[in-house]
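Combine both chains into one complex, guided by the hints.
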Amino acid sequence: MGFLGDVFSWLGDNWSGGVGGGIDHRAFEHLQISGLSVLIALVIALPPAVTLGHLRRGGALAINVANIGRALPSFAILVLALQITNRIGVVPTVVALVALAIPPIFTNTYVGLREVDPEIRESAAGMGMRGTQVLARIELPMAFPLIMAGIRTSTVQVIATATLATLVGWGGLGYYIIVGLRLNDNVQVFGGALVVVVLALLVDLGLAGVQRLLVPRGLRTAEPRWAVDAAIKTEEPEAEIVVAA
Amino acid sequence: MIEAANGPDSWIWWEWVGDHQDEILSRLREHISLTVLSVALGVLIAAPLAIAASRRRVLYTPLLVVGSILYTIPSLAAFVLLLPWTSRREAALIVLTSYTILVLVRNIVTGLDGVPADIKEAAQGMGYSPLRMLVRIELPIALPSIVAGIRIATVTNVGLVTVAALIGQGGLGALINDGLRRDFSTPLVVGATLSVALAVALDFGLLGVQYLAAPWQRRSR
Chain A
0 MGFLGDVFSW LGDNWSGGVG GGIDHRAFEH LQISGLSVLI ALVIALPPAV
50 TLGHLRRGGA LAINVANIGR ALPSFAILVL ALQITNRIGV VPTVVALVAL
100 AIPPIFTNTY VGLREVDPEI RESAAGMGMR GTQVLARIEL PMAFPLIMAG
150 IRTSTVQVIA TATLATLVGW GGLGYYIIVG LRLNDNVQVF GGALVVVVLA
200 LLVDLGLAGV QRLLVPRGLR TAEPRWAVDA AIKTEEPEAE IVVAA
Chain B
0 MIEAANGPDS WIWWEWVGDH QDEILSRLRE HISLTVLSVA LGVLIAAPLA
50 IAASRRRVLY TPLLVVGSIL YTIPSLAAFV LLLPWTSRRE AALIVLTSYT
100 ILVLVRNIVT GLDGVPADIK EAAQGMGYSP LRMLVRIELP IALPSIVAGI
150 RIATVTNVGL VTVAALIGQG GLGALINDGL RRDFSTPLVV GATLSVALAV
200 ALDFGLLGVQ YLAAPWQRRS R
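In order, the protein sequences belong to chains A and B.
Using numbering that gives the first Met the number 0, read the first sequence as starting at 0 and increasing by one per residue.
Using numbering that gives the first Met the number 0, read the second sequence as starting at 0 and increasing by one per residue.
If we strip away everything but chain B, and leave its shape as in the complex, we get (with noise of 0.2 Å):
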């Protein structure tokens, strides 16, 4: 390998980053937006189920057990089984969608259930009503498991999301399709190591939110 440091054969062609940044940055942007999206619409579907589930506790096994379902089916076959009836794009999301709602479920259950009844029993004694108790003592109580859930589903959908790039969503993932197609690693590289980097700041960002938001449950250890 007797050849200048920096070049097309060599792992990061910093050159080519740089020719390419345009790319790149719209690429991460499309690799977000899909995250966000379906990891939002997995909480805003997850969120009702679970607490319903958390009230009726006969609903929460049938949840678990499709829930896990739904996760067990690879991602490829998932994507392409829905695409005979939606656009790759409804596709992507639903699937994407579909795999946050086991953990989002169970972390919103285990959160709510680990609220102690004491604190419950007061609320009511103080004239809270069920909505009122769920917002204001149940919802906070809850939240770092709740996070924890958000966040798990994030760095999970961030990878999966690489993986839409074969029917065509973009992403980070068409950069390592790109460098797998022309056998050449700079794309490859960029592509997998902002995945991990954007995987590694959601997860610190959510946590900060959580600590933002409950500002109460910061522990110095």
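The following block holds chain A by itself, in its conformation from the complex (with noise of 0.2 Å):
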């Protein structure tokens, strides 16, 4: 059997018991802590971006988030989470985890709000509505393809990052990659690898999915939304707004 052969059996063999506890369970454990994180950075991010963004205020602040996101290595920070929180396993890795998954959110949510086109808050205005009826019926609707175009890209993150928690003591799906390395067990390591890989297209495919199913039919268009990279700021206003998957 060639090595892909050696592949498949391994991922047989262990897909349920075996090395680690079982794949099976893995993913289910890397699953649990990155929508954990996700939802704890959405707890943290989204009351200041929508405030700001409501208010049309702290444009710098979104954009400094947006750029120092991007500077930290993932790695760097789970590492130093470990030294800072002074423990290992789940600890460190859900404090990176979140501190990771913060900026797209609160950048994404930020910018999404205070897009929104000044004469469709006017006329609602004009319509009787308050400030928080504006909120939650136009400002809301028209910047959740932006919204969730960050929890999209902070997922991303927090799904190949929680691949590297093994290293501070964490379990997850890392474990048969990182530990295939140091024993040089090239087959763990690739149906490792394989795993990851579907498992975190599945989650964005899945992601894209609500996105359809939740985004107001009104606001779908043909090109997908994609996150804003507030860094890219350039001095020409159609370029602002671009792009970081």
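Calculated directly from the structure, the hints in this document are not laboratory data.
Glycine residues also receive a C-beta, built at the ideal position from the N, C-alpha and C atoms.
Errors might be hidden in some of the hints.
[To be verified] One side of the interface only, derived from the structure: several residues of chain B facing chain A at Cβ under 7 Å:
| no. | residue |
| --- | --- |
| 1 | Ile72 |
| 2 | Ala76 |
| 3 | Leu81 |
| 4 | Pro83 |
| 5 | Val154 |
| 6 | Thr161 |
| 7 | Ile175 |
| 8 | Leu187 |
| 9 | Ser194 |
| 10 | Val195 |
| 11 | Ala198 |
| 12 | Ala200 |
| 13 | Gly204 |
| 14 | Gly207 |
[Unchecked claim] Computed far set for chain A versus chain B, every beta-carbon distance over 10 Å:
| no. | residue |
| --- | --- |
| 15 | Ile43 |
| 16 | Val78 |
| 17 | Ala124 |
| 18 | Ile176 |
| 19 | Val188 |
As structure tokens, this is what we get:
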């Protein structure tokens, strides 16, 4: 049997049970910690982002949060979290993942609200809507595609970084890769990586589906909405929003 | 924590830093070379693709789809998935390069799309060939958006190169890994700090290059 054959039989042998408690168990663990971290990040990032975006204040803050978020290497954050919390395992992992998930959610939510056409807001106010009504019925729905783009960016990053968390004594799917690298077990490394990739793609696809279902019909566009990248602010208005996948 | 203000147990032990200057500098050099090489390769690959996609629109969506799938793959997994077929160095370069494609293609296409039609018509009227128009008119006008893409790709890759240390590619990630293994915070703090500083420095450096290359776009704000 060739290398790929070995990989597939490794996947079969370790699907449940086997090395490290089974792939299914570890995949669930991986999803669980990623979901938890993104939820905590949402709870932390949404209130200030929504408030500032609604009031149209703090643009510099949003840009700085995005820039700092991208400049911090995830591997370094993870290891620093280990040192700062002085613990191993789940605590530094969640701290690092939350810290990584906040910037894209914060910036995209802020920009999404801020981008709402002033004329639309004025019309809403002219129709007698109060500030909170404008926020709930106009601004948040219109900002939703961008907010979701931020959540997707965060989630992709969180799943990728959770793969490294075996290094700080947590489990997840990265276990197979990192332990496999140490043992020079190429089959295990490859099998583990394959599972991580499939998981990441499935989660992103799932979130894309959620986005499709939840975005109001009038706001659906043929082009996907990309997450905002504030750093790229060039002097040109049309280039102001660009892409970070 | 009653102990000398600076020692092996403090966040950063300056004596260690002083003793390991050479190692730190060579790690920094490795980091810069992997980052610059991967972004340069990314530009070489993305530019023709983006130019083609801005001319033939049907190519654009498939390019974005492939680019975003590549972008979704966690870096550590991507590195090791290539190992059966490539050397570790090649795996690191291929993965880091492919992460830049999405941002670069998108920003180059956005930049080219922003070139006003009347300017293109004027150039055509003056007898510019398509190639000359691309080089002399379109790319210079698209420059801010292109440089913005290169900046994002560069800053992102500075962070990702730290992960490449896990497959033995050195760089500042090797310092971080060293600190982790020995539970010794100095190399870790040095590696993390230099990595952030490098990202910021390259970001500003590229902005400076843009100002030098396109002085007409300088605007006081």
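Here's how the hints hold up against the structure:
no.	hint	in the structure
1	Ile72	5 Å, holds
2	Ala76	4 Å, holds
3	Leu81	9 Å, violated
4	Pro83	6 Å, holds
5	Val154	5 Å, holds
6	Thr161	4 Å, holds
7	Ile175	5 Å, holds
8	Leu187	6 Å, holds
9	Ser194	5 Å, holds
10	Val195	5 Å, holds
11	Ala198	4 Å, holds
12	Ala200	10 Å, violated
13	Gly204	14 Å, violated
14	Gly207	14 Å, violated
15	Ile43	21 Å, holds
16	Val78	5 Å, violated
17	Ala124	30 Å, holds
18	Ile176	6 Å, violated
19	Val188	5 Å, violated
Checked against the numbered hints given earlier, the structure breaks hints 3, 12, 13, 14, 16, 18 and 19 and satisfies all the rest.
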